[in-house]
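Novice: For reference, the chains in residue letters:
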Amino acid sequence: MTIRFGASAHRLWAMILKEFIQMRRDRLTFAMMVGIPLIQLILFGFAINSDPRHLPMAVLDSDRGPFGRALVASMQTSRYFDLVRFVASEDEADALLAEGKVQFVVSIPVDFSRRVARGERPALLVEADATDPAATLGALGALETMARTALDRDLTGSLAGLKASAPPFELRIHRRYNQEADTQYNVVPGLMGVVLTMTLVIMTALAVTRERERGTMENLLVMPLRPIEVMLGKIAPYVVVGYIQVAVIVITARLVFAVPIVGSLWLLTLTSVVFIAANLAIGFTFSTVAKNQTQAMQLSFFFFLPSILLSGFMFPFRGMPLWAQYLGEILPLTHFLRVVRGIMLKGNGPGEIAAEVAALAVILLVVSVVAVRRYRQTLD
Amino acid sequence: MTAAAPAIAVEGLSKSFGGRTVVDALSLTVPAGKIMGFLGPNGSGKTTTIRLLCGLLTPDSGRGTCLGLDILTQSPEIRRQIGYMTQKFSFYEDLSIVENLDFVSRVFDLADRKRKVAATLERLGLADRRDQLAGQLSGGWKQRLALAACILHEPRLLLLDEPTAGVDPKARREFWEQIHALAADGLTVLVSTHYMDEAERCHEIAYLAYGRLLARGTVAEVIAAAGLTTFTAQDSGTGAMRIADLARALAGLPGLDLVAPFGSALHVGGGDAALLRHSLAPFLANPDFVWREDAPTLEDVFIHLMGRSTDNFAGGAR
Chain X
0 MTIRFGASAH RLWAMILKEF IQMRRDRLTF AMMVGIPLIQ LILFGFAINS DPRHLPMAVL
60 DSDRGPFGRA LVASMQTSRY FDLVRFVASE DEADALLAEG KVQFVVSIPV DFSRRVARGE
120 RPALLVEADA TDPAATLGAL GALETMARTA LDRDLTGSLA GLKASAPPFE LRIHRRYNQE
180 ADTQYNVVPG LMGVVLTMTL VIMTALAVTR ERERGTMENL LVMPLRPIEV MLGKIAPYVV
240 VGYIQVAVIV ITARLVFAVP IVGSLWLLTL TSVVFIAANL AIGFTFSTVA KNQTQAMQLS
300 FFFFLPSILL SGFMFPFRGM PLWAQYLGEI LPLTHFLRVV RGIMLKGNGP GEIAAEVAAL
360 AVILLVVSVV AVRRYRQTLD
Chain V
0 MTAAAPAIAV EGLSKSFGGR TVVDALSLTV PAGKIMGFLG PNGSGKTTTI RLLCGLLTPD
60 SGRGTCLGLD ILTQSPEIRR QIGYMTQKFS FYEDLSIVEN LDFVSRVFDL ADRKRKVAAT
120 LERLGLADRR DQLAGQLSGG WKQRLALAAC ILHEPRLLLL DEPTAGVDPK ARREFWEQIH
180 ALAADGLTVL VSTHYMDEAE RCHEIAYLAY GRLLARGTVA EVIAAAGLTT FTAQDSGTGA
240 MRIADLARAL AGLPGLDLVA PFGSALHVGG GDAALLRHSL APFLANPDFV WREDAPTLED
300 VFIHLMGRST DNFAGGAR
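Chains X and V supply the protein sequences, listed in that same order.
Under numbering that gives the first Met the number 0, the first residue of the first sequence is numbered 0, with each subsequent residue one higher.
Under numbering that gives the first Met the number 0, the first residue of the second sequence is numbered 0, with each subsequent residue one higher.
Everything labelled a hint here was simulated from the structure, so no lab data went into it.
Take every hint as true, because none was put in to throw you off.
The calculated DSSO-like cross-link candidates involving lysine-lysine, where the alpha carbons are at most 27 Å apart (straight line), are:
hint : chain 1 : residue 1 : chain 2 : residue 2
1    : V       : K33       : V       : K169
2    : X       : K17       : X       : K290
3    : X       : K233      : V       : K87
4    : V       : K87       : X       : K290
5    : V       : K141      : X       : K233
6    : V       : K87       : X       : K17
Using the sequences and the hints given, assemble the complete structure.
Specialist: This is the structure we're talking about:
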């Protein structure tokens, strides 16, 4: 049976059949074919929420009056805000915002309740961490609506006249770190982490599998090289590659996207090495698992997907359910995003990013141990 | 280590993969300074044995020494003193000859590195091509590069796994000249091969089939020990029967362990001389052929040994 263009259905079938047999033999590929769509579905379906609620809030209550308390209570009722703690000073509030421990600080001024009662419409200051404008958008919208009605229940008797028309106080929203709520300010520094994750993991994942596929691994094994020497030797050149990428992205972010760099570039350079090394160690571990370069690519992709979706790069981290947040904490990108956004947008210093860098260091250490243990010195 | 101590002495080495015994209670001694040929059909366990010797694989059971070092516990030390040439070219094709050798010399942390690389390039005639990429070399030159990389660190034992597979006869001859020159310098060489002429260039040979050592000794000893009787029938050109007809008629007769056509001649043989003569009797009288009893060759012996051992790998996909 011959179809046009001189193609034979038999020959075509021979090719198709062969491909299926090979597909079946490659178990990892087969697992990926089922696993990737499944993971995508679960992640997209359950974890991702672009209108996050339960955002942590700190309250600086200098009034300690009934209206302030009522306001905080109704904010919590809206489910957008979770009161994490009361703070005593502005410095304390600033520190919490800088470290990313809270997303909002509500400052209730002195005499707030009394001035509301007098109908003076006092100002209520809400500071929002706007590094990720999308994360605060919903909450701030809800806040404005709420401001009109928040105190309605408490405005009774002689105060009832304050209801209806204008809100009984003036809501001042102050977007910190990214006043224009420019999404690029958030995305561009984040892209640094994404690009590093993608390229570095793939590069090292291929580096060792290539040795195995080309047969040069046997020679490496028989030579007096220790696993740690092979691993560091494979990783070190790519640290340089990673730094070139960092430099390219920082320069482009500044020149093309006009992203402000508030913090220290030196600090960014210094902390990047931990993140770069962690990614390379992950790639190396993949290459000890993968049997060929195709599998190494698949494993890298398998890792890359949650890195993008669960790290807070694409969707607000706090919008995810807790289990997804825990999963996100395992990914180096999650921590690096906080570091890079913290340094570039918030001007974070060493103290504020120490916890995130420590988390990266722990990931690096654990992965390295796994990699070195998995690396076989024999062909058994 | 005294001169008399063997370079390799292993006892009862066994290794199996997924329930298949690839090396079965192998005991082998290779005297220092000798070239030992390692022969056997494909899949007979030669490569696995070599890998066990250099510590790339861990034996399931058995023990032994390589250069006086325990293969179970001292493989890092062994690896420093041996040169292992893999069956498949395993240097970097995207590096030049000299870059490959530089890499190896650095890994071994050789003193006087540059001079040694230059001397090795010279010794193997690679100096003119030093900057060519390994991937662009022909089979013969690749093999020279591999040998150069293996002897760079001045090992005391060379393990060569089918080094001359796919290499032209001239390059093979030159390779063997190198091997003999190295052995003359005191190196011990264990070399696996499928070529009979190469086997005959070795001081001793060991024949492995299905993981078991079937024969060992000099070529003459191995041939004598096999106790084969062989005949060659030449087509006289007069009769109706041709060589192919004779081969068909003889196949399967008792006592005929090997029946192999060589052009216009047929080579037959068997381990039981009396039975062979009995089966051949009707054909010996046939005027269509001229018969001659001759000495068995090494190849006859191997094919005979192979026919006797059983294939324990048959069946099952990998």
